[in-house]
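There are 4 protein chains.
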Amino acid sequence: MSVAVKKIRMGFVGGGEGAFIGQAHRQAAGLDGRFELVCGAFSRDARNNQDTGAALGLCASRCYSDWRRMLEAERALPVDQRMELLIIVTPNHLHAPIASQALSAGFHVFSEKPAALNLAELLPLKAVLERSDRLYGLAHTYLGYPMVWQARQMVRDGVIGSVRKVIVEYPQGWLSEDVAGQGNKQAGWRDLPEQSGLGGCIGDIGTHAFSLAEFVADQPIQHLCAMLNTHVASRQLDDDAAMLFKMADGASGVLIASQVCAGEENPLKIRVYGDKGGLEWRQEEPSSLIHRSLDQPMRVLRSGVGQPWLCDAATRRMRLPAGHPEGYLEAMANLYGDFATAIRSNVDGNVAPGVPGIDVGLRGMAFIETVIASHRGDTKWTELVCPQ
Amino acid sequence: MSVAVKKIRMGFVGGGEGAFIGQAHRQAAGLDGRFELVCGAFSRDARNNQDTGAALGLCASRCYSDWRRMLEAERALPVDQRMELLIIVTPNHLHAPIASQALSAGFHVFSEKPAALNLAELLPLKAVLERSDRLYGLAHTYLGYPMVWQARQMVRDGVIGSVRKVIVEYPQGWLSEDVAGQGNKQAGWRDLPEQSGLGGCIGDIGTHAFSLAEFVADQPIQHLCAMLNTHVASRQLDDDAAMLFKMADGASGVLIASQVCAGEENPLKIRVYGDKGGLEWRQEEPSSLIHRSLDQPMRVLRSGVGQPWLCDAATRRMRLPAGHPEGYLEAMANLYGDFATAIRSNVDGNVAPGVPGIDVGLRGMAFIETVIASHRGDTKWTELVCPQ
Amino acid sequence: MSVAVKKIRMGFVGGGEGAFIGQAHRQAAGLDGRFELVCGAFSRDARNNQDTGAALGLCASRCYSDWRRMLEAERALPVDQRMELLIIVTPNHLHAPIASQALSAGFHVFSEKPAALNLAELLPLKAVLERSDRLYGLAHTYLGYPMVWQARQMVRDGVIGSVRKVIVEYPQGWLSEDVAGQGNKQAGWRDLPEQSGLGGCIGDIGTHAFSLAEFVADQPIQHLCAMLNTHVASRQLDDDAAMLFKMADGASGVLIASQVCAGEENPLKIRVYGDKGGLEWRQEEPSSLIHRSLDQPMRVLRSGVGQPWLCDAATRRMRLPAGHPEGYLEAMANLYGDFATAIRSNVDGNVAPGVPGIDVGLRGMAFIETVIASHRGDTKWTELVCPQ
Amino acid sequence: MSVAVKKIRMGFVGGGEGAFIGQAHRQAAGLDGRFELVCGAFSRDARNNQDTGAALGLCASRCYSDWRRMLEAERALPVDQRMELLIIVTPNHLHAPIASQALSAGFHVFSEKPAALNLAELLPLKAVLERSDRLYGLAHTYLGYPMVWQARQMVRDGVIGSVRKVIVEYPQGWLSEDVAGQGNKQAGWRDLPEQSGLGGCIGDIGTHAFSLAEFVADQPIQHLCAMLNTHVASRQLDDDAAMLFKMADGASGVLIASQVCAGEENPLKIRVYGDKGGLEWRQEEPSSLIHRSLDQPMRVLRSGVGQPWLCDAATRRMRLPAGHPEGYLEAMANLYGDFATAIRSNVDGNVAPGVPGIDVGLRGMAFIETVIASHRGDTKWTELVCPQ
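Protein chains in written order, with UniProt numbering: chain A, 1 to 388; chain B, 1 to 388; chain C, 1 to 388; chain D, 1 to 388.
Please keep in mind that the hints were generated in silico from the structure rather than gathered at the bench.
Think of the CB as a built atom: it goes at the ideal place given N, C-alpha and C, for glycine as much as any other residue.
Be careful, since some hints might not be right.
Said to hold, decoys possible - Interface residues of chain B toward chain A, partial, derived using beta-carbon atoms under 8 Å:
{"no.": "1", "residue": "S2"}
{"no.": "2", "residue": "D249"}
{"no.": "3", "residue": "N266"}
Unchecked claim - To give an idea of the interface, some chain B residues facing chain A are shown, with a C-beta separation under 7 Å as derived from the structure:
{"no.": "4", "residue": "A4"}
{"no.": "5", "residue": "I8"}
{"no.": "6", "residue": "Q27"}
{"no.": "7", "residue": "G33"}
{"no.": "8", "residue": "D45"}
{"no.": "9", "residue": "A46"}
{"no.": "10", "residue": "Q50"}
{"no.": "11", "residue": "D51"}
{"no.": "12", "residue": "L77"}
{"no.": "13", "residue": "P78"}
{"no.": "14", "residue": "V79"}
{"no.": "15", "residue": "E265"}
{"no.": "16", "residue": "A322"}
{"no.": "17", "residue": "H324"}
{"no.": "18", "residue": "E326"}
{"no.": "19", "residue": "Y328"}
The shape of chain A in the complex, shown without the other chains (with noise of 0.2 Å):
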């Protein structure tokens, strides 16, 4: 006879009320439908904490002051009960320290983005997982679009023939004027670079570019020639960059990330061109996969379950039939699903297949100050080197 499914107990660290990002994940779990919310430490301020937990349906006993006394405390519950997984949605400088906690702690981590402030830091909690059983995430959300997948199997499957040149680009706009400085609270703690770390814009969207880029056309990036700029007067870190690259089996390439491309909201794009054709992703409509080719007419192959020129990999990412659209909140949920699958499947190793692991925190980190270097140096070609 069937066995009831355990939910996965999950909790959190950040994400109190006001908190764009601690929200999206708690959706996308739920749309998941297999995880359950069981603890939290939701905000350092007393109020906004004990308010987010009850109208999520916490107990007050289950809603901590702190993330430190929320590690303890839910060890200390029977195993049956306490938390499984951690999800972190703190500012930048809080990630390394509390998943290096949790994993020692013996919980699972989805953090969100970066993986630490520096690569400094990173390491440590590299060593720290390692010598753990647990799984990490990292909680790209950009690689959980299935249409992302089906373009990298289509590079990997040789459709478009030897990758020649990729053109990745994130133009947002909503650090053209100086919201910080007007209040807007996201803005305001990155631009800090002891809470967000050396990279404004190059670390905040910058780095989803790259991981995009190494991840659809299928190659690191090796070398990188960056210019980054700074365009409101009262802020400390960079709000636009713009690089040439090379990657190691031949491509080269442009990146170009920006907060100050007035008006833009967020078109994440990448196009690949091989020998044989090309392929284009916009994530502001993400249903659409564009295959150009030299020996036929333009195509668009769409979302959708059931579409059989779709590869597994994409297909298992889709929930709905064609024309029914999924977007940010379903690529973030294929995230967890992912991890949903490792945990109950107790899969080996640190990473859980599908989610992004420790290792694309490592080459964003190295990829971060690789760019910083570029900028401020005047040779041309700065490489960069990732730690193993």
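Starting from the structure of chain A, add chains B, C and D where the hints point.
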């Protein structure tokens, strides 16, 4: 001190493994986050029923073999444990009987559309509902999209002036071949009048187009002149429809619904033109609302929390900043969200504000019957009379 | 040795300064390059007439005050000097009388549409034409677009299978207000039945939609059921139309034509669906032809010389490589080009291959009259009978 | 009384049968309508030369076997018969020599781009021009598009505020394979440095992107950092380029030009962002100009005579009402039109207002040489120095 909010306890009839729409309902409810699945009668197939329940974390005792049994058993449970809300995702012919019984037994009901097989069946349900103190809602998911509310508000605010012309179209292609004969279950029951009602395509998707037109243009259709076709030989019901119509406040228009537009996915689309401008919305790209006018360039209003030019009704139905696509499940989750709010706030009456209610069901049913009458007749205009 | 090709000597009736369509005709002829303007009766306003002629390089002696005089005077010139082809770009009521006289006088005629004010006037013109050995063409410019020919060829080749459904629409917005009352001349005569004919919108642009539908679907419309509206109080003729129709080979469809779709420009669009796939073409983006099908992803065929997947009929109507947009004037120039070829090659009959001829005019006229009859009647279907 | 306007008598060097660009020039001139072809030296192939001339209506005596002979012979003709304007549509290496001689012989010159093979060759041409009283223009066709002028005017008017970022891209795909080796003539000479110059892709299309960026952003590029690639083994010159750049008034940006973006047609595109908004224009859909801003929804300005929100400079370059697409030939005809106006109005100086002149040529040449220097060097930034 904050008191933990209780989840709304819901049960399902229908929606066993393999049923797309039941899964979508659970995902939408999970995305909203205020619901908890406590019971179900998912399938007449015992194995499917048990497996579905177990996979969803239900213990066997609340996995009922039969919906009548479920209503009875749940009613016998303590008030703080028993199901509060029944979700009906069965084939059409069961919608009204189950809803009637559930309402009578004291449960709120959220039903897939159509509300009933025909008007004759729906009127008694309406009577039951009016005698009860429960809420009843219909899953007209497309009315949950934020930019549909934005469009309606702009019409109401006179932004496009007095409405003159409405063009609503819903061309699908999935019934271009005899897919029922090829084993497609969803196509199968949809073509059986005793399970689906007298309308094929016109019932299945024509009603979506109809409801959308009346909702956005903010006036009822009063007369219509319809043509139905059945293109696949083995099929009993219509698979293609088109009609002219006239509305109450002077607008006229065209409605197209078809399931044999080979290659089309799900591009429900509406255009409404007034004497000052026009609006255009397309479900496959639901974040954009095009606004044309006589005295300024075309504008594209884009979905996104915090856009000052969007109305409250639209903004309340969004979760994410602009450029982070929301789709079909988010639209359905908006209906769940409004239902949750209504349940928790004990609204008067039988309709949850924001959720299509029995009147939408009635008009849809009257629409189907009027279309069929028009199709069969030789006179040009047939009045759409809807019982109150 | 090569002998210099002689230009085709053409003259204009109508098209004085300020007349958009006359200017477009001259640009199209110039773009083709095989025509030479030798005379004209451009305007009843003597000053306008002389100024127009002078600006176009004509000496005063071939700038005629009156079209009758022009026909007479040109006929009297030596055969190697006199006009060969008359372009008629006057208001509608003059099309047939001038064409008749010109044909009788031995000139080829290329006329703006409609061919006449009504069927009663057109039949005698047809008789004159058939007695002559001259060519007659109608400026149904949209039938000159290469991707329209591509679509028709794909229909003929069975690429989309047997045609089931045709949706053709032509929503303009420029008559949303009383622009005639505001002094717009083009709007002015269009609303005078004695100059424009009995159709307003249905005659002006409905006929374009009609001809396009019959051309691409490659079968005639046999029955229709129409609704006409007049939304601006001061207007005599219809400014808005919609209809259902049935075609000869089993397809049915919808035709929408309106000039009160506020904010719309000129998006004539056709969709044709068969049992294997569908085609979509939109005049405002004329280089793209969308091809959907049941067994492969959506394709976008793009205009451009040298694309091996395009048919000859399409490729012959292109000038530029893919990605170099061609538009309305190029489409019209294609009609001029086919007319030039026919004149120089002395084709048999009265129709220049590739140029819409008298039969397109006849069907258009029968269409207008049938629509008006249908609109006025109470029966659902009215047969479209077209004299041969 | 009105005096007949005389056509401008033009002659061609190059543009024999089979040459796409010569044909385009004749079509553009014909579309404008103020030009008359009177002579040509179309091809070194005598048969092609004679056939081309004859097909264009020239008598054999003005079909010259050689451009030097043509200049001489035409100069000897009476002033009211001889050629006034020479169109140069030869391979690149002949542009400067022919232009110099033609100017010296008293003819106006309209030359295909580039103006010369390199700066060393261009400076003497500039000197010749300045000593003459003739006009010189370059066929930078993309600068003839009306919405490009609209964009530039909006930048100048401060509509998007102070310019911060410019992204210009020109990804083509037609050189993805060794098409020269396969017999494509246009690809053939383009890869010969002695005929094409030192730039391959960067010279052929990179200069278009460069000129467009400087034109729309209304400021010069001062420093750049470039990467060139050659992807096809048999090829001598670059077929792919990308660079970062800094402009004079504080903007920075990215330029991408490639001819190995397999499957791409001709999507030259520019985006310019200022501190208040951004503009986007794409050559493949040239009628639309997207305007984003911080304080209102995205707007799409559409080309069309009579749109009150368009500037004069744009409107003067349009022929048709909105929704009637104009394309590449119309853009080129705008250059011809401005050249005609300048010739007939005897403007001072050597540049026809509205037509790209020698300075655009100089900057383009300096650009190519700077890019190649940057590509070969190891320092990050190379200054773009342009001789005055």
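Checked hints:
1. With a cut of 8 Å, the hint placing S2 (chain B) at the interface with chain A holds, because the nearest CB-to-CB distance is about 3 Å.
2. Of the supplied interface hints, the one on D249 (chain B) is violated, with its beta-carbon coming no nearer than about 32 Å to a beta-carbon of chain A, more than 8 Å.
3. Contact between N266 (chain B) and chain A, as hinted, is supported at the beta carbon level, the nearest pair being about 3 Å apart and thus within 8 Å.
4. The restraint placing A4 (chain B) at the interface with chain A holds, with a minimum CB-CB distance near 5 Å, inside the 7 Å limit.
5. Violation of the interface hint for I8 (chain B) is found here, the shortest Cβ-Cβ separation to chain A being roughly 11 Å, above the 7 Å cut-off.
6. For Q27 (chain B), the interface hint holds, the least distance from its beta-carbon to any beta-carbon of chain A being 5 Å, beneath 7 Å.
7. Satisfaction of the interface hint for G33 (chain B) is found here, the shortest Cβ-Cβ separation to chain A being roughly 5 Å, below the 7 Å cut-off.
8. Look at D45 (chain B): its Cβ only gets to about 13 Å from chain A, farther than 7 Å, so that hint breaks.
9. Given the 7 Å rule on beta carbons, the hint for A46 (chain B) is violated: about 11 Å separates it from the nearest Cβ of chain A.
10. The restraint placing Q50 (chain B) at the interface with chain A holds, with a minimum CB-CB distance near 5 Å, inside the 7 Å limit.
11. Checking D51 (chain B) against chain A by beta carbon gives a least distance of about 5 Å; that is within 7 Å, so the hint holds.
12. Hint status for L77 (chain B) relative to chain A: violated, with the closest Cβ pair at about 17 Å, above 7 Å.
13. Annotation: P78 (chain B) was flagged as interfacial toward chain A, and the flag is violated, the nearest CB pair being 19 Å apart, outside 7 Å.
14. Contact between V79 (chain B) and chain A, as hinted, is not supported at the beta carbon level, the nearest pair being about 18 Å apart and thus beyond 7 Å.
15. The criterion of a C-beta within 7 Å of any C-beta in chain A is met by E265 (chain B), whose closest approach is roughly 3 Å, and the hint holds.
16. Checking A322 (chain B) against chain A: minimum C-beta separation of about 4 Å stays under 7 Å; hint holds.
17. Because the closest C-beta pair between H324 (chain B) and chain A is about 4 Å apart, less than 7 Å, the hint holds.
18. With its C-beta approaching chain A no nearer than about 5 Å, E326 (chain B) sits inside the 7 Å limit, and its interface hint holds.
19. Here the hint on Y328 (chain B) is kept, as its CB sits about 4 Å from the closest CB of chain A, short of 7 Å.
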